[in-house]
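Take the two lone chains, each set in its own frame, and fit them into one complex as the hints suggest.
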Amino acid sequence: MEQASFLRGRLLPIGTVLIALIALWYVFSAVLNAPFERDTAARAGGTIGFMELLPKTMAQERPVLPAPHQVFAELWDTTVNKAITSKRSLVYHAWVTLSATLLGFAMGALLGILLAIAIVHNRAMDRSLMPWVIASQTIPILAIAPMIIVVLNAIGISGLMPKALISTYLSFFPIVVGMVKGLRSPEQIQLDLMHTYNASPAQTFWKLRWPASMPYLFTSLKVAVAISLVGAIVGELPTGAVAGLGARLLAGSYYGQTVQIWAALFMAAGVAALLVIIVGIAHNLVLKRMGARA
Amino acid sequence: MNASILIAAVVFWLAAWAFNEWLVRRKFYNPVADRAARLAVPLIFGATILVLWEGIVRGFNVPSVLLPPPSMIWTRLIGSVPTLWADFRQTFLKSVLVGYALGCGLGFLVAILIDRSPFLQKGLLPLGNFVSALPVIGVAPIMVMWFGFDWQSKVAVVVIMTFFPMLVNTVSGLAATSHMERDLMRTYAADWFQTLVKLRLPAAWPFIFNALKINSTLALIGAIVAEFFGTPIVGMGFRISTEVGRMNVDMVWAEIAVAAVAGSVFYGIVALVERVVTFWHPSVRGGQA
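Read top to bottom, the protein sequences are chains A and B.
For the first sequence, our numbering assigns the number 1 to the initial residue and increments by one for each residue that follows.
For the second sequence, our numbering assigns the number 1 to the initial residue and increments by one for each residue that follows.
Chain B on its own, in the form it takes in the complex (with noise of 0.2 Å):
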């Protein structure tokens, strides 16, 4: 036990909470430094979780197959940059984000199409929020064996995880204008396609982006689980499971910041996209979105 490191580990988390709650408290006139103070303060916390994880490991001995400290999963990224760059290309650019463009935009057309037939609507809307509860992450054995090992198994999960939150989405999004605006449409003499393109697509994209975002991380996770299951020898998911079997720890934990930065990336433009799109939205006119 290393008991200097884990003092000063925690003298840096009590000031940095001080910091803070100061920083909180303390009101700023300036614009500039008000909104440097609000980027700071999680920051901040950020940084403090880091260097108590590596204090509390360092100062207990922690061994590193449990849980190995920051720096060293940082070494480990830095050292196997060509791997982990083949794993993101494997699962990421080629599973993910080609499942992601198919489920969604399928589910984008289903709803369309079905928006003119209540019928159908009633029908497939119940089954659409159902499905969206079930644990759909379990046909990734099924789709492996149907598509074999390699990404097509994982796109044809990634599709069916984010169809129905697109669909369902999509279609309460299309129901979400007013009477009063579509009776305005009817005096206008458009047909259903101008009411569509012009009043209720718009009035739709908000519940579409919501969709998007959810979807953005269900279509990582089921990439990356579906990998469990069977895959050639390269994959995010791949290397997650076989590094924890050969207890290289380290490894694993830097697939795992590689996974959060491409997941938070991912989910920042979809939402920089959103606040392009619907930008008469009263959650991004007030600067929040």
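The following block holds chain A by itself, in its conformation from the complex (with noise of 0.2 Å):
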């Protein structure tokens, strides 16, 4: 009974909308990449039919729109099929960009939750402070990131941590946000009940704000983790593609290398469900040991 209401409630739209959007994807691949396929034939000198046409535009070298299953085997040749060591392997691309995006994250996450508690206990902190994290938050900050890459390799560091400051820059102002709104969700009746037990600030703090705040920083988590993503990434680009998911887009976009950019377009789409997905997995687990879901 509930399989059947999930098969029909989910799985059944979902794969609709995807089956749909695959078929499309096909049309358009077909229009897009017979143009081409019509000069050849055209240099050649003669005309190409329909049915000669179709299946040529699905096996282009280098097509405008590579098909589906074009995307997929170049997923799967450069995953599967080389070692995971060899630079040619989407898997160390990523693998790259990941731990970038991990250190950033880690570092990003905590100064983000020591700020915000400082903001909670610090009246003059919140109000000078407060502002400018919203305001730092319309700002292009991936604007910058070319810059700080260049600028730390000017002075010696390189690699890794890099990238991870652009990550931590990122994703700490959601947690920052998320975090102060936990933190002053506990009601005024609860902190009047901590005040009855004679709880002291530390207390008070880790018996009712800090629980109470687990929600928020989980929610503002999943956005961190997708947007230190995106900066491992975008802070990739002004290396000169050396490693990384970000190069491989880049090196992709140099020499017309369609397949490839749209291999690694799935591949950061999966590293970044990922992610989401375990601070999911995280958010549940910490829940349930709160007991706040049966």
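Treat the hints loosely; a few may be bogus.
[Claimed, not checked] Derived pair list, reagent style SDA-like, types lysine to any residue, alpha-carbon separation capped at 20 Å:
id, chain 1, residue 1, chain 2, residue 2
1, B, Lys27, A, His121
2, B, Lys122, A, Arg10
3, B, Lys122, A, Leu12
Just so you know, the hints here were simulated from the structure itself, not pulled from any lab data.
Shown next as structure tokens:
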């Protein structure tokens, strides 16, 4: 019964939309790649029939829009068929990006939580810092990314750290905003109760504010982990395409390797989904241990 | 190393900090003075950051290639207004505004279109949520390949980036009304369109403005990063990436300052319109947006 409703309620609609998207993709790749084939045929001095044209549009080397099966063949080829230490392996590039993402995310989460605690406990910090934290979200921070990379390279810091710093910078804002909201979420009546227990500020923090902020923390962690991946990818652009998913994107765009770009995109999407799912699972586990959900 | 400048900066920082602490603790009974004090605290903090920055850079003689002092950035900004204006026009007025309008409009229209089909909603919503978490910025090289180097490709990137947040937020906003309210509209014999215009759209405005605010930042980021992948010789992203290569860091900072101001003003305008349109919402009536 439950499985049937799951099938009808989720799998069927999502599946239908997905299949429609893939079908649309095939149509578009046929339409967009057709001019190239017609040109080749015209140059060879003939015309090309539709039935001849169709399979050719699906198997070009540098198509305008690669067909789905080409992208997945490339994905399979570069993940399973290559040794993961090889520079041609997408797993290797994904790991380069992922390590920067995780390091930056960890630093950003720590910094964000500490800053939020300071803001909640100090009125001057709150009044002077909070407007800037909010204003800074309206600023296109990613624009600074190439400069941070180049400048840190100039003083001899290169490799993982500059990218991780960009991720840190991007991911700590959502966490500060979410955590401040979360640490303030206990109501006055609950704070008063702690007061009647003669609880010290530290006790109030650990027994009331911190547990109450968990749902807010994990919601912002999900946003932060997604955005820190974006930061790591963009951070790989200005270093001149050495390694990582961003480098694959840039190299692909320089050499017109569309299939490679799409494969890197799908890999990035997979990594993002994985990270968000992991944070979601951690969220559920913590809530369960706190007894919030049956 | 220039110790006196450094000491002066640190003294200014401590003094401003103390003054802020005093301002926060003091109670103002005059509402105007209270408002002014509330406004002054963050402004003083911002000024302190600038002074500390200037003092540290000059005090420690940090090479301007690494971090130019704010005064130098300001001179550069004043000195190259025509270039900055051309970049601003290319990136902001063409790519960002057009892409933002198209992306948000499309997202809104699609949300209205699938409103009558629960099946499509169930299929599209999880996908939309999923796409929002993806590094969508990665489509930039593909769009540059398809639509060329000029602003059209940046518009395409911005449209893709802003479409999904708008779609997801509008759909959940349209679902925000309760059964009671919809039943009331039914007893009035209101048809689908009337219910939409008179009840469900007004209830959805807070959600829609949430998406508009998120998108105002996303659009600027999308346009700037898309320019890293190829552009004519004008544009904020182009300027940033080339001037970084030529080690003209003060020009980069000037460009970032322009982007920051443009982003904040854009966000501010959206927030202002929100306060006017959703005047009934508790967060506006409470005096805190």
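Results for each hint:
1. B/Lys27 / A/His121: holds, 19 Å
2. B/Lys122 / A/Arg10: Satisfied, since the Cα-Cα distance of roughly 7 Å is no more than 20 Å.
3. B/Lys122 / A/Leu12: holds, 9 Å
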